[in-house]
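Engineer: Listed in order, the protein sequences are those of chains A and B. With positions in the first sequence counted from 1, the corresponding number in our numbering is that position plus 1043. With positions in the second sequence counted from 1, the corresponding number in our numbering is that position plus 63.
The set of hints was computed from the structure by calculation and includes no laboratory data. One or more of the hints may lead you astray.
[To be verified] Label pairs and their in silico Cβ distance ranges:
id : chain 1 : residue 1 : chain 2 : residue 2 : range
1  : B       : 634       : A       : 1210      : 40 to 46 Å
2  : B       : 668       : A       : 1240      : 46 to 52 Å
3  : B       : 520       : A       : 1240      : 24 to 30 Å
4  : A       : 1203      : B       : 612       : 36 to 42 Å
5  : B       : 524       : A       : 1172      : 44 to 50 Å
6  : A       : 1455      : B       : 524       : 55 to 61 Å
7  : A       : 1487      : B       : 321       : 45 to 51 Å
8  : B       : 664       : A       : 1210      : 18 to 24 Å
9  : A       : 1210      : B       : 311       : 32 to 38 Å
[Stated by the list, open to error] Subject to a maximum C-alpha distance of 16 Å in a straight line, what follows is the list of computed EDC-like cross-link-like pairs (lysine to aspartate or glutamate):
id : chain 1 : residue 1 : chain 2 : residue 2
10 : B       : 599       : B       : 495
11 : A       : 1267      : A       : 1344
12 : B       : 135       : B       : 297
13 : B       : 682       : A       : 1171
14 : A       : 1142      : A       : 1110
15 : B       : 612       : B       : 460
16 : B       : 202       : B       : 212
17 : B       : 351       : A       : 1229
18 : B       : 184       : B       : 292
19 : B       : 639       : A       : 1176
20 : B       : 639       : A       : 1180
21 : B       : 165       : B       : 103
22 : A       : 1088      : A       : 1110
23 : B       : 542       : B       : 634
24 : B       : 351       : A       : 1228
25 : B       : 481       : A       : 1491
26 : B       : 481       : A       : 1176
27 : A       : 1082      : A       : 1111
28 : B       : 599       : B       : 503
29 : B       : 529       : B       : 297
30 : B       : 279       : A       : 1227
31 : B       : 613       : A       : 1449
32 : B       : 653       : B       : 634
33 : B       : 623       : A       : 1046
34 : B       : 542       : B       : 503
35 : B       : 276       : B       : 393
36 : B       : 653       : B       : 631
37 : B       : 542       : B       : 495
38 : B       : 529       : B       : 595
39 : B       : 481       : A       : 1495
40 : A       : 1088      : A       : 1070
Predicted model, so just to flag it, every value in this text is computed and none were measured. Positions of the beta carbon are idealized from the N, C-alpha and C atoms, including for glycine.
This is what each chain is made of:
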Amino acid sequence: MTEQTIAAIATAVGEAGIGIVRLSGKEAFDIAEKMFVTKRGDSPKSLPGYSARYGRVVDPYQGRTIDEAILLVMRGPYSYTGEDVVEFQCHGGVVVVQKILETALRLGARMAEPGEFTKRAFLNGRLDLSQAEAVIDVVRSRTEESLAVAVDQLEGSLSKRISAIREQLYDLVVRVEAIIDYPEDDIPELEVDEMAEVIRTVIGELERLIATADQGKVLREGLKAVITGKPNVGKSSLLNRLLDEQRALVTDIPGTTRDTIEEVLNLRGIPLRLIDTAGIRESDDVVERLGVERAVQLWGEADLIIHVMDGSVPLSSEDREILARTRDKLRVVVINKSDLPRVWSLDDLDARDLGEAPVVEMSLLEGELTPLVDAVVGLVSKGGIRESTASQAIVTRARHKTALEEAKADLENALETLSMGLPLDLISVGLQGALEHLGEITGETVRENIIDRIFAQFCIGK
Amino acid sequence: MSLHDRYDVIVVGAGHAGCEAGLAAAKMGKRTAVLTLSLDNVALLPCNPSIGGSGKAALVREVDALGGEMGKNCDATLMQGRMLNTRKGPAVQSLRVQLDRKLYQRRMKYVLETTPNLFLKEGLVTRLLVENGHAAGVKLQDGTTLYSDVVILATGTYLDSEIHIGEVRYSGAPQGQRPSIDLARNLRDLLPIVRFKTGTPPRVNLRSLDYSKLSKLEGESPLEGFSFETGSIEIEQVPCWVTYTTEETHKIIRDNLHRAAMYSGAITGPGPRYCPSIESKIVQFPDKTSHQVFIEPEGWQTNEGYLSGLSTSMPTELQVEILRTVPGLENAEIMRWAYAIEYDCLDPFSLYSSLMTKEIAGLFCAGQINGTSGYEEAAAQGIIAGINAVKYLNGEDPVIIPRSQAYIGVMIDDLVTKGTNEPYRIMTSRAEHRLYLRMDNADARLTPLGYELGLISEERYAAFQKKQEQIELEVKRLKETPVGGDTETNIILRRLGTAELRHGVTLAELLRRPEISYAHLGELGELPELPENVRKSVEILVKYEGYLKKQEAAIERFEKMEAKLLPENVDYAGIKGLSREAAERLNMVKPRSLGQAARISGVTPADVNVLIIFLETQKRGGSVDE
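Bound-form chain A, shown alone:
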C-alpha cells in the first residue's frame, strides 16, 4: 500500500438520491479523521472495519458543516480495493458531494483516475484472475471515455485558451533551450526582465483560467444565468416555463449578499442558477427597476444570458443596446411571440452585435421549450461542459484544475529562481515543468515539440 490515497464521487452527480464519496489508500482514515465528526463522539480513525457512523462532514479549513452523512469504514485488506477505504454517504445534490470531494482532495487525497478503484482491487488481489479481463474492460473504457471528454474539451474555448498560454510559454522555453543547446550560434540573449514579464503574464492567465474555467464551480454552484430583455417580452413566462420543465429542483439558495433569489434548476444534467431578480416577476423590467448600471453589472457576472425579444412589435433601441452590451457573453437570443405576425427580421439586427449567438424563435405561451433547451445545452457543451457525461466531466475538470495549479506553481518557482539571479538551466526546470503539466491536459509530448520548434525558429548548426 505505497500508492497515494485516491478519492472520487461514486454516484452519478445530481441525479441520485444519495451521494457517495469514496476514498482508498493508506491515508484514507487520517483524512476521514479530519473531516468527519461522529454523533457519538468517537474517532473515525479508531473504528473497526465494516462499521458505520452517523455524523457530520465538516470543512476543517472553514470549520463549517458541509452535510449530515453516514461514514462507512473498511479496513484493508478486507475492502473492495484491498486498501483502507472510507465512504461518505450524504444527501446527494451536486453542491454537497462536490464539496466533500474537494475537502478530501485538499486534505491530501488525489483525484482517482478512471477505473482506478477497480484496478487497485485487482492489483491487491481482491479480484481473481478470471476477472482480469473485466478489469481491463473497465479501465480501458473509462480511460478512453475520459480521453474523449478531454478531446471534446480540446475543441472548446477552454482549450483554446490553454493553447494560447502554452504558445507563449513555448516561445520562451524554445529560446531558452536554443540558447543552452546552441551556445555558438548567434541566438539573441534573453533579458531577465523580458523573461519575468512573460512568466508573470502566463501566471496571470493561468490564474484567470483557474478561477473562471474552473468548471467544477459550474457544477457545484450552477451556471449563473440571467434572463434579460425589455418590459413585456415574456421573461417571466420563460422563467416559469423553465421551472416547470426541470426534472429536479436541487435546492433553494437564499442570496446572501444581494436582494435576489437564485433558482437552481437542472437542465439535462446541467445545473443552471437562474438569477431571479425579483424584478422579473414583479415589475418585469430589470433595467427600469435596478437601473442600467446594475443591469450591466448583472450581465457581467452572468455565465449565460438569455435575451428575450418580442417579434410582434417593432425593435426598440433598448433591444439593440442590450444586444450590443452583452456581445462578449455566452448568449441565447429568444424571439418570442411567434404565434403573432412578425414585424421585423434578423437582418434588422446588427450582425456584429448578434455575433454567433443561437437564435430561437418560439412562442413561450404555447410552443415547445425543447429548441430553447437544446440551444442552451448546445452552447454550454461547446464551452466545454457535456451534459451526457456530467459525472465524467467532473473528474476531468478536477484533474485539469490540478494540472493548471501545478503549472502555476512551477512558473512561480521559475520566477523566484530568475529573481534570485540564478542561471538559465535552473530557470528552465520550472518552465518545462509548467509546459509538461499543461501538456497533461492535452496529452502532448512536450520534449519533442520543443526540439522541433527550436529548428523551426532558429537557424542553427554549422
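Given the structure of chain A, go ahead and fit chain B onto it with the hints provided.
Structural biologist: Leaving out everything else, chain B in the frame of chain A:
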C-alpha cells in the same frame, strides 16, 4: 579453422564507435578483432576537427567515466579548448575542443595497437555470416573469413555511400575513401535499412585568408580536460577565426539553388536539421542576412582549415564563387571540395536497448549505422556495444543505462523507443533530468559501473573514491561551519558585493547566495587544499542543493516505472484489451520496461493500464492472452 581466424568479438569499422567497442571488449578479456578499410584512417574525423559542445561534452565525459578512450585522446591531441555556457548554469556547461586531426588518429591507433587482446587489421568486409539467426563471423574482400559469435557493426557512413557535389555524383566515401557496397547489399537482405544524408563544407589553405577581415576566437588556458585522468591542460593554443556570409553570398545561392544536390532532387534521404547546408539555411530563414562561419585549423602541421557553417552540395565552380563573397575568404584556395553524402543505415527500431539487433542474435550495431550523427554519439554507443557484446558472450544481462543516469541512456532509449527520421544528435533538451546529467558528476554517475565491468583501473578507482570523499567532507564542513554576525565579516561581505549578515549562518547558506562563489569563502576563513574539480563539484552541490533534491525525487519516481520489467517474449497482439496500434508498436519496439512502453508513441494511458494488469496476471501465474 586456425586460431588466427577465430575471435570472440569482431568489430567492423575503426571509427569512433568501432574503437571504443573494440577497446571495451578487449579490456573485458575478449579476443577482439577490429577491422578497418584503411589502417591510415583509424579514428578519422571526417567533419569538424572538433569534439564536445552542448550535450556532446557530457557524452565524452560519460564515455571516459566508463573507462573509454575518447576523452583521453582529445586531451592529448587538442589545439584549443573552451568551456561553453559557463554562465548558463551548472548542468549545461560544456567543453569544446579543436583537435589536431592526424595526432588524434595516430594516438588512437597506437592505443588500439598496444591494447592486449585487441587485433587491429585492415580489410573490407563484404558479408556477414549468420547461422540459425546467430552472428557467426564475416567474410572479407581479400578472401579470408573470420569467425566469431559476436559481430559489432560500426560502419559509419560507408555503407553504399554516394558523394554529391552539385550535379556530380559518384560512389565514394568521406575523405576520398572506398565505400562498402557488398556489405550494404548483404545487410539489406538481413535488416530494415533507411537512407540518410549529411554534408561537409570546403577545406581551404589557411595562408590564403585575409585575417584583417576575420575576428579571432582564442581558447582558454589552463583548461580542465575531458578525462578524469588528465587534470589541467596548459599548452599553447591556436585560435579559430570567425566571419559572416553576405547578401551577395545568399544571392548566388538563391539564384543557383537548382544546382545544389540537396534541392535538385538528386538527394532523397533526410539530412540533420542541426547541421544544415548553407543553402538550407538560406531557404528556410530568408530573413537572415548573414550566417556565421567558423574557420577551424585542422592540425599543427597542416595549413588546411575547415569552414564550419558553409556545408554545401553546390557544384565546385559555385563553391569558389560563394567564398569570394565572404569577407576574408575572397581569395581562399579550396583544397577539398564540400560535398553531401548519402548512406545506408539501420532503422534503430531493429535494435534492443543493449544495441543488439532483434533479428540476429550476437549482432550489435553502434554509431552512425544506427541513425545517429556525431563522433561523441558514436563513441558512446561503441562502448555500450562493446560491453554488451561481452555480456552476451558471458550469458549475462546486458548493461542498460537508464535515461535518468546518463545522456548515453537518453540517446539509446530515444533511438530504440522512438526511432529517428533524421541523423540523431544528442541535445541537453532531450533529457528529462538535465540538472543531474552534468559534466562535473559524470564520474560519480558511471565510474562505479565502469569499475565493476573491469574497464576502470584500481588506481583510477581509488582516485575516484578519494575525490568523492573529499567532496562529501567539504560539503559537510560547509554545512557545519558558522560564519558572520560580526563587524569584521560584514566588512568582507560588503567588499564582495553581498548583503551583510545580522546573525550567524553556515558557510553553506552563504554560498547559496548567487553572488558568492566557493572561492569567495576563502576570504572568510582558510579553505582546505582541494583539487579544482572537487571545489567545483562542492560549489554546485551546495549552491543548487534545493534544485538537485527535487530532481532526485523526480528521478526516483521515474525509475520506479523503469524497474517494472516486461517479459521478453510476449506477443502483444495476444493481450486482450490493447489497442491494435499499441500492440503493433509494442511488438516492434519490444520494450524492456513499463516505463519504456509508456514512451512509445501510440501507446496510451489506457494501454499502460492494460499492461499493468497483464503484468499482475503474469505474476500470479495466469494469463489474459487468448
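Engineer: Each hint needs a verdict: does it hold in this structure or not?
Structural biologist: Okay, the hints, checked on the actual structure:
Evaluation of the 40 to 46 Å hint for residue 634 of chain B and residue 1210 of chain A yields a pass: the beta carbon distance comes to about 42 Å. For residue 668 of chain B paired with residue 1240 of chain A, a C-beta distance near 36 Å fails the hint of 46 to 52 Å. At about 53 Å, the CB distance of residue 520 of chain B to residue 1240 of chain A disagrees with the hint of 24 to 30 Å. A hinted range of 36 to 42 Å for the beta carbons of residue 1203 of chain A and residue 612 of chain B is consistent with their spacing of about 37 Å.
A hinted range of 44 to 50 Å for the beta carbons of residue 524 of chain B and residue 1172 of chain A is consistent with their spacing of about 49 Å. Against the hinted window of 55 to 61 Å, the Cβ-Cβ separation of residue 1455 of chain A and residue 524 of chain B comes to about 44 Å, which falls outside the hint. For the pair residue 1487 of chain A and residue 321 of chain B, the supplied restraint of 45 to 51 Å is violated, since their beta-carbon distance comes to about 38 Å. Residue 664 of chain B and residue 1210 of chain A have their C-beta atoms about 22 Å apart, which keeps the hinted 18 to 24 Å range intact.
The hinted range of 32 to 38 Å is satisfied by residue 1210 of chain A and residue 311 of chain B, whose Cβ atoms lie roughly 37 Å apart. Under the criterion of a C-alpha separation no larger than 16 Å, the hint pairing residue 599 of chain B with residue 495 of chain B is inconsistent with the structure, at around 23 Å. A distance of roughly 8 Å separates the Cα atoms of residue 1267 of chain A and residue 1344 of chain A; the hinted pair therefore holds under the 16 Å criterion. For the proposed pair residue 135 of chain B and residue 297 of chain B, the alpha carbon gap of about 15 Å is at most 16 Å, so the pair holds.
With a CA separation close to 12 Å, the supplied pair residue 682 of chain B and residue 1171 of chain A stays within the 16 Å bound. Pair hint residue 1142 of chain A plus residue 1110 of chain A holds up; C-alpha atoms about 10 Å apart against a cutoff of 16 Å. This hinted pair does not check out: residue 612 of chain B and residue 460 of chain B have alpha carbons roughly 31 Å apart, beyond 16 Å. Our distance criterion of 16 Å between C-alpha atoms is met by residue 202 of chain B and residue 212 of chain B, whose separation comes to about 14 Å.
This hinted pair checks out: residue 351 of chain B and residue 1229 of chain A have alpha carbons roughly 11 Å apart, not beyond 16 Å. For the hint linking residue 184 of chain B to residue 292 of chain B, the alpha-carbon distance of about 29 Å lies beyond 16 Å, and the restraint is violated. Of the supplied pair hints, the one linking residue 639 of chain B and residue 1176 of chain A holds, its CA atoms being roughly 7 Å apart against a limit of 16 Å. Restraint check for residue 639 of chain B and residue 1180 of chain A: the C-alpha separation of about 9 Å stays at or below 16 Å, so the hint holds.
Pair hint residue 165 of chain B plus residue 103 of chain B holds up; C-alpha atoms about 10 Å apart against a cutoff of 16 Å. Taking the CA atoms of residue 1088 of chain A and residue 1110 of chain A, the gap is about 20 Å. The hint is violated against a cut of 16 Å. Among the hinted pairs, residue 542 of chain B with residue 634 of chain B is inconsistent with the structure: their alpha-carbon atoms are about 54 Å apart, more than 16 Å. Between residue 351 of chain B and residue 1228 of chain A the alpha-carbon distance is near 13 Å, which keeps this suggested pair within the 16 Å criterion.
Our distance criterion of 16 Å between C-alpha atoms is met by residue 481 of chain B and residue 1491 of chain A, whose separation comes to about 10 Å. With a C-alpha separation of about 29 Å, the suggested pairing of residue 481 of chain B with residue 1176 of chain A is violated against the 16 Å cut-off. With a C-alpha separation of about 10 Å, the suggested pair residue 1082 of chain A and residue 1111 of chain A falls inside the 16 Å cut-off, and the hint holds. Proximity of residue 599 of chain B to residue 503 of chain B is assessed by CA-CA distance (about 8 Å); at most 16 Å being required, the pair is judged to hold.
Our distance criterion of 16 Å between C-alpha atoms is broken by residue 529 of chain B and residue 297 of chain B, whose separation comes to about 24 Å. Distance hint between residue 279 of chain B and residue 1227 of chain A is fulfilled; the C-alpha atoms sit about 14 Å from each other, no more than 16 Å. For the given pair, residue 613 of chain B sits about 15 Å from residue 1449 of chain A by alpha-carbon distance, which is consistent with the 16 Å threshold. A threshold of 16 Å between alpha carbons decides the hint, and for residue 653 of chain B with residue 634 of chain B the separation of about 9 Å falls inside it, so the pair holds.
Taking the CA atoms of residue 623 of chain B and residue 1046 of chain A, the gap is about 12 Å. The hint holds against a cut of 16 Å. Between residue 542 of chain B and residue 503 of chain B the CA atoms are separated by roughly 21 Å; this puts the pair beyond 16 Å, and the hint is violated. Distance hint between residue 276 of chain B and residue 393 of chain B is fulfilled; the C-alpha atoms sit about 10 Å from each other, no more than 16 Å. Proposed proximity of residue 653 of chain B and residue 631 of chain B is supported: the alpha carbons are some 7 Å apart, at most 16 Å.
A threshold of 16 Å between alpha carbons decides the hint, and for residue 542 of chain B with residue 495 of chain B the separation of about 29 Å lies outside it, so the pair is violated. Distance check on the hinted pair: residue 529 of chain B and residue 595 of chain B sit about 14 Å apart at the alpha-carbon level, within 16 Å; holds. Distance restraint check for residue 481 of chain B and residue 1495 of chain A: the Cα-Cα separation of roughly 15 Å lies within the 16 Å cut-off, and the hinted pair is therefore satisfied. A C-alpha spacing of about 10 Å is found between residue 1088 of chain A and residue 1070 of chain A, which places the hinted pair at or below 16 Å, so the restraint holds.
Of the numbered hints stated above, those contradicted by the structure are hints 2, 3, 6, 7, 10, 15, 18, 22, 23, 26, 29, 34, 37, listed in ascending order.
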